[in-house]
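Chemist: What follows is each chain in one-letter form.
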Amino acid sequence: MTDVVHAEWTKVRTLPGTGWLLLAAAALTVAVGAAAANSVTCPAGGCQLDPAKVSLTGVDLGQAIVAIVAVTVVSGEYSTGMIRLTLAATPRRWRVLAAKAAVVSAVTLATGAVAVLVSVLAGGLLLGRHGITAAHGYEALSLGNGSVLRAAAGSVLYLALIALFSLGVAAAVRDSAVAIGVVLALLFLFPILSSVITSPGWHRHLEQLSPMTAGLYIQATTSLRSLPLTPWQGLGVLAAWAAGAMLAGALVLRFRDA
Amino acid sequence: MTTLAPYRSELHTGRDGFAQLLRAEWTKFRTVRGWVIGMAVALLVIVGLGALTGANSECGSQMGPNAPVLACPAPPTGPGGEWVTDSFYFVRQPLAGDGSITVRVTSLTGLYSTHGASAAEGGSPTAGMTPGVQPWSKAGIIIKASTRQGAAYAAMMVTGSHGVRMQWDFTHDVAGEAGTVSAASSRWLRLTRSGDTVTGYDSPDGAHWTMVGTATLTGLPSTAQTGLFAASPGYSVNTTSLGGGSSKGGPTLATGTFDQVSRQGAWPAARWTGQDLQGTMDLALSASAQGFTQAGNRFTVSGSGDIAPATDNTDSVKKTLAGTFAGLIAVVVIGVMFITAEYRRGMIRTTLAASPRRGRVLGAKAVVLAAATFAAGLVAAAVTIPLGEHLLHQNGNPIPPVTALTWLQVVVGTAALLAVSAVLGLAVGTLLRRSAGAVTAVIVGIVLPYLLATVPGILPVGAEQWLLRVTPAAGFAVQQTFKQYLQVNTVYTPGTGYFPLSPWAGLAVLCAWAAAALVLALFLLRRRDA
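Residue numbers (this note's numbering), protein chains in the order written: chain S, 1 to 258; chain Z, 1001 to 1530.
One chain only, chain Z, in its complex shape:
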């Protein structure tokens, strides 16, 4: 008896792993000419609009029709490489080597202007100003490497409404004793230098001292300028509302009264030198309004300006990437079509027959789409930022210094922003199966909140910040290169270019939307007939 062997095909069984699925989806992606062209268009439009923005944003002034255009000046740079404002009244003496200075502050008063920068011609520079101290008006003691703008420093100060603070090198700020200063409740401040280290102390009575902070000022020269200072940042009130806004403000003046000045170390016997440190761009009163008086061991110092990170800057990196929106619209259209085209052509039935595990199909599509978009976005951002900044620089715009890490954050973040938006498009396309509805939902969901939040005067500030926290538009925070500082007297609003969330937290909000849409799409893809 013979046994018949059943027929077996000569062909080997194909593997159906995830790698094969990826290859299948990649083949679909690269062989649809429109999608490849669309990705190229997305890349080119980002670069092109970045160049257009850079080429048409002049900054500078021209004295006459034939005079050369003077570029806008750049603010001074602090020890950490960031732009700073360094403008105050300094009563100083050179301190050689280690030593300390101790003072008692008995009052801090101020004046502010609500009518712009300068008073009437010929009048006193403080004429017409209103008495009142600003929250970040400050007076105290300071050790500064030199009187050069942006030089390293450490200072102990009393402030208008933030108590005693120790601040150093513009970006660092540590709180000391709370409360406002007055004759009845005076504050004692002390700075001690030991090598590169400066330590700040405060005390309510000159007997019991508390250490507030320790600053290491690298490269502090052996002889540092040390003494008393006063500064007061510009006053401004912005009323933003629907359909319009108004702002008023002007320079301010702070006056601190000091006594019980005592010093240790190698101090010269010479008199104190009073100097108004002033930058070209600061909102500060003229030198004649500032000054100091000395009566024995009692000093009164009046100063205007601020020692802090610079504000009112233009984020030129973000500005060059304005074309990201156009690129985003293109990649969302591609992302949606990557799935809706399969439904339209009936291809989805072949795809799902070949790979019955539907979740893996959606996963493979998401991976292929995200990888292709990420690559295009990476190239676009890496080309656009240097190109746009070069053009902005040629047009006289000062370019804020950006660390390599921040630069990388923006380039990788922009690529990720585009990739995640495309995947969101894919997920919503799977949910709705209709191209027009899906494209509109995603684009309107991302672009409209951004537009409503960042164009000033459409929504109140609270609503603007709320929109940039919860909507997918939060992802654009990843393109921001400026930090927000607590010790700066400015309003950080979306209208002035500040997002309420940190860069990566903003991107995480967009990722959460994409993940939620993807999970829902997966659920429905499994349940519904194709």
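Isolated chain S, as found in the complex:
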């Protein structure tokens, strides 16, 4: 198994695109978070504001690039025919998927940790300039604060789960364009639908089922009671989506000719 992981690591490492994409993911996450924190206009402390969620807004965009990395790890092999060589070398196919999952989650966790850490620091600095500080009654934006630490660590896990979800979808549908289309549709469609469907029951269920909306509850540090799920339950919803996608991917990989 170590050899398989090593092989996958070599493939990921030696593709020139991967590094650039991960760098872009981190840079965009930080940039969007900083822009959001810098654009806060709040008349004299009179608004309800979640400082942690604001500084981590960039994860909305960063996740899309993490999804590209994860999808290309699988779909790239299908488009070049490399997959046949890989499966000939490792006939126990689930091991290939497991090794890919391990490598992709490791690089995403590393990238995500850097991006989230810088986002929180930049957010604290910029929000402080706009008067959003603990002294004005807002949640203190420091990793020493338990709920902020949960939001930050949870966002890193969120990115890793998005990567696993995308990997599973890519293994199931193989083509990169279709795979990324399916991933982005499942991420973005739920919030759009829940914003137009007014039936309260459906609205709530759509929010609870949505991988993106529910998953990002992990970033909430204020008014947790108004959320339809607790933060960790929300991340659990995304984990269930990721597990489902990985299972579908493993089954297709196992039972369909490459």
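If you're looking for bench data, these hints aren't it; they were derived computationally from the structure. In this text, a Cβ means the ideal position worked out from N, Cα and C, and glycines have one as well. Warning: the hint list may mix true and false statements.
To be verified - Residues from chain Z shown here face chain S by an in silico Cβ test under 10 Å; the list is partial:
#1 Val1045
#2 Ser1057
#3 Val1212
#4 Gly1213
#5 Thr1314
#6 Gly1323
#7 Phe1325
#8 Val1333
#9 Met1337
#10 Ala1341
#11 Arg1344
#12 Ser1435
#13 Val1447
#14 Pro1460
Claimed, not checked - Here are the in silico distance ranges between beta carbons for each label pair:
#15 Gly1034/Z / Ala35/S: 34 to 42 Å
#16 Leu121/S / Arg1023/Z: 34 to 42 Å
#17 Phe1523/Z / Thr2/S: 43 to 51 Å
#18 Ala35/S / Thr1218/Z: 49 to 57 Å
#19 Ala1184/Z / Arg225/S: 48 to 56 Å
Said to hold, decoys possible - Over 10 Å on every C-beta distance to chain S, these chain Z residues come out as not near it, computed from the model:
#20 Ala1024
#21 Asn1056
#22 Pro1125
#23 Ala1207
#24 Asn1297
#25 Ala1436
#26 Thr1440
The hints should help you fit chain Z onto chain S, whose structure is shown.
Modeler: Coordinates of chain Z only, in the frame set by chain S:
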């Protein structure tokens, strides 16, 4: 000596015009099963999500567990067919035939509530209200076809902070003399009726008159209700910010003081009648707070409500088309694959060998893709809107009236939106040659700004409007059926469903992105080896 004729093939030279290229690209498109299925999926998902939205958006109230559900009431309809709010205090007399009314307004004051619709039980309806006049509080003179809600009218008025205005038939608004009214700086107003035409004048001194506007009220009956009025729209302050927002507000009251009332024409000798015109859905104070007093030729009129196009509506046409996003993702995937599949299979080399003028290949692909997507989008939108509105109507939602032209704008606009997005996908696919990156760039470029801008509480309003002006998401403005009016006291933000750009200007922004990407793609397609 014999000359040998060189060998010539019996086959005729094939033509290589643009029509042949189109046919070649169309053959490629229709023979890839996945793309045809994808286009069908795009169509079905738009219709299906429209039906899902319509079927699960109930509106109405139920008195008991077994009582019938009462549908939400629809606002009254104005002369132009649009929804209006028609709620004010009217001091009136019937004016038979042509005539005029002239008044002097010496003050406009007001009260507003910051704590919701109604005051404490048993207390005065204006108890606890703060003195202050709203920007669009209004008092003046009016000629109205009848006291029916939504009846045609023309009015001259002073307003809280928009000077003298002439307004008629809810949607028309013309500015007169600027400045606020006070005892030291009073305003004279005059309305003259001649047949179907009502002309408004204002004057600072009652001697020098300026014409403000002329309204033609078709079908104005020979006897029209004419007199003084006061109205004041609801007060509301919305604080939207990241991660949350708050709003507070309530009804308001405006009081106008009039004197020097003079009339010409066939007026009855009877007393003035005071009446509170009130709709069921208006944010206005109860009738007991409104009223008028008369002392000789001096009147004081207090009114609440507004005479204006209705606000706070749900754009049901746009709502039924929520599935456009799903369809858009599908057609962008097809658009990207239409070119990246050629690179992946090496087909691009055959294509470019057969047609060395590379720009024409990209042009033919764009035309075929746009035509196929446009056709699918046209069918999807034309089916979804009536179906979704039917379901919304069955669930008790009032359906805003939409003109045939607006309906056509949304159907054709939605088809164009999908077609241009697919072409943007094709162009970005040509640029990047990588499916995953191209699909993500286009979808994230269109859907993410829309999501950030329209879900309230993620970004400040300024950033929301900026996003919907410059990003490709601006194209979704084409699905909007509501107009924005200057004379309405409401905040038009993306969060409440209003785009900063007009429908076609928004689509033009998306087209500009697609055109720019296409030009860059053309440049690189010519320069790079395939």
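Chemist: All hints are to be evaluated individually against the structure, with a verdict given for each.
Modeler: So, going through the hints one by one against the coordinates:
1. The interface hint given for Val1045/Z holds, since its Cβ lies 9 Å from the closest Cβ of chain S, which is under the 10 Å cut-off.
2. Interface restraint check for Ser1057/Z: the shortest CB-CB distance to chain S comes to about 4 Å, inside 10 Å, so the restraint holds.
3. Hint status for Val1212/Z relative to chain S: violated, with the closest Cβ pair at about 37 Å, above 10 Å.
4. Annotation: interface hint on Gly1213/Z violated; nearest CB of chain S at approximately 38 Å, more than 10 Å.
5. At a threshold of 10 Å, the smallest CB-CB gap from Thr1314/Z to chain S is about 8 Å, leaving the interface hint in force.
6. The closest approach between the C-beta of Gly1323/Z and any C-beta of chain S is roughly 8 Å, which is under the 10 Å cut-off, so the hint is satisfied.
7. Taking 10 Å as the C-beta contact cut-off toward chain S, the hint placing Phe1325/Z at the interface holds, the least distance being around 5 Å.
8. Hint on Val1333/Z holds. Least Cβ distance to chain S is approximately 4 Å, under the 10 Å limit.
9. Using the Cβ-Cβ criterion of 10 Å, the hint placing Met1337/Z at the interface with chain S is satisfied: the shortest such distance is roughly 5 Å.
10. Hint status for Ala1341/Z relative to chain S: holds, with the closest Cβ pair at about 8 Å, below 10 Å.
11. Using the Cβ-Cβ criterion of 10 Å, the hint placing Arg1344/Z at the interface with chain S is satisfied: the shortest such distance is roughly 5 Å.
12. Interface hint status for Ser1435/Z: upheld, as the beta-carbon distance to the closest one in chain S is roughly 4 Å, under 10 Å.
13. The beta carbon of Val1447/Z comes within 5 Å of a beta carbon in chain S, closer than 10 Å, and the hint placing it at the interface holds.
14. Hint status for Pro1460/Z: holds, given a least beta-carbon distance of 5 Å to chain S, under 10 Å.
15. Between Gly1034/Z and Ala35/S the Cβ separation comes to about 38 Å, which falls inside the hinted range of 34 to 42 Å.
16. Between Leu121/S and Arg1023/Z the C-beta distance comes to about 59 Å, which lies outside the given range of 34 to 42 Å.
17. Taking the beta carbon of each, Phe1523/Z and Thr2/S are about 48 Å apart, inside 43 to 51 Å as hinted.
18. Remark: the range hint 49 to 57 Å for Ala35/S to Thr1218/Z is upheld by a beta-carbon distance near 52 Å.
19. Remark: the range hint 48 to 56 Å for Ala1184/Z to Arg225/S is upheld by a beta-carbon distance near 55 Å.
20. Here Ala1024/Z stays apart from chain S, with its beta-carbon at least about 22 Å from theirs, past the 10 Å limit.
21. Look at Asn1056/Z: its CB is around 4 Å from the nearest CB on chain S, not clear of 10 Å, so calling it non-interface is violated.
22. For Pro1125/Z, the condition that its CB be more than 10 Å from all CB atoms of chain S holds, with the nearest at approximately 28 Å.
23. Listed as a non-interface residue, Ala1207/Z keeps its Cβ farther than 10 Å from every Cβ of chain S; the least gap is roughly 47 Å.
24. Every CB of chain S is more than 10 Å from the CB of Asn1297/Z (nearest about 46 Å), matching its label as outside the interface.
25. For Ala1436/Z, the shortest C-beta to C-beta distance to chain S comes to about 4 Å, within the 10 Å cut-off, and the non-interface label is violated.
26. Distance check on Thr1440/Z: its Cβ comes as close as 5 Å (rounded) to a Cβ of chain S, failing to clear the 10 Å threshold; non-interface status is violated.
The structure does not agree with the numbered hints 3, 4, 16, 21, 25, 26 stated previously, though it agrees with the rest.
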